[in-house]
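Guided by the hints, dock chain F onto chain B, whose structure is given.
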Amino acid sequence: MSGHNERLQEAAEKIDDQMAIHADEHSPSPKAYLAVFLTLLCLTFLTYEVALINLGKWNVVVALAIAFVKSTLVALVFMHVYQSSRRTKLVVVAGLVWLFFLIFLTMSDYLTRHWLY
Amino acid sequence: MFFGGLFLTYTVNRAAYPGIFAEASHHLNVVLGTVNTAVLICSSMTMAMAVYCSHKGRQKALSIYLILTMILGLGFLGIKAAEWTEHFQHHLVPGFNFQFSPAAAAGPAQLYFSLYFAMTGMHALHMIIGLGILTFLLIESFRARYTPEYNTPVELSGIYWHFVDIIWIYLFPLLYLIDIHK
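If you read the protein sequences in the order shown, they are chains B and F. Everything in the first sequence is counted per the numbering used here, starting at 1 for the first residue and increasing by one. Everything in the second sequence is counted per the numbering used here, starting at 1 for the first residue and increasing by one.
You may find that some hints are simply not true.
Claimed, not checked - Here are the simulated DSSO-like pairs of lysine-lysine, each with C-alpha atoms no more than 27 Å apart in a straight line:
| id | chain 1 | residue 1 | chain 2 | residue 2 |
| --- | --- | --- | --- | --- |
| 1 | B | Lys31 | F | Lys80 |
| 2 | F | Lys182 | B | Lys57 |
| 3 | F | Lys182 | F | Lys80 |
Because the hints were derived from the structure by calculation, they are not lab data.
With the rest of the complex left out, here is chain B (with noise of 0.2 Å):
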């Protein structure tokens, strides 16, 4: 029996091992972070430089498309969402479709209201 037991907690140390290993393997590297950082740093001067220029309706477009880059940066590499499990990301994207359904849904009603009238 006792026999049993020490396989049993070898076999867990083991699987406890490559768990470790497993987690090392997955954190990204601070060279990573630093890459990120730095693209963060550039595209927040890139569109405060672009926010000058008069792109008429186009300005809203690129400092939106702009913060989404620098947000999906964030999420994926500090949040560390992209070496998450797929159902993490099942719930990040879930959090993006209401958010969606939220101001599209409102904005389809409030920019047509004045075709009736």
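Relative to the frame of chain B, chain F by itself:
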């Protein structure tokens, strides 16, 4: 989703009063806003490094990165407070002797500044809560509580901090940038 409601309200009202919202946004200090964005991104970087160090069991580096994150977070709030002070001095706070020219635009302009204060204020509140969490983490890290086996509180606080960063990443262009060319 909570901030989603605020973003939605902003979108609806900006669609209704595009000209006045643009005019009102010209009263913000874009340079301070840009600097503050950079400060917040730096704090996200130090937070990411704090989480990394907690995974690696580097106790001392973890404490240092937490302190740096707090300093940058306080720096952000300090700059934000300076901006708010400026708005008070320029009579741009709705309800407190609000003055805007042309006077006919004062209504929607108050709407813009109400949303501005609600959104940046709610964001700042999240930062203050974040600083409280970081204080707790710092005390615990001094006690060497976080190891490569147990660091979930650091990991989760990191995710919270980065989320607050993401909110600002959208607030900054929407409130400061999109109409400055006009």
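Evaluated hints:
For the suggested pair lysine 31(B) and lysine 80(F), the alpha carbons sit about 31 Å apart, so the restraint of at most 27 Å is broken. Between the alpha carbons of lysine 182(F) and lysine 57(B) the distance comes to roughly 11 Å, so the proposed pair stays at or under 27 Å and holds. Proximity of lysine 182(F) to lysine 80(F) is assessed by CA-CA distance (about 24 Å); at most 27 Å being required, the pair is judged to hold.
Of the numbered hints listed earlier, the single one contradicted by the structure is hint 1.
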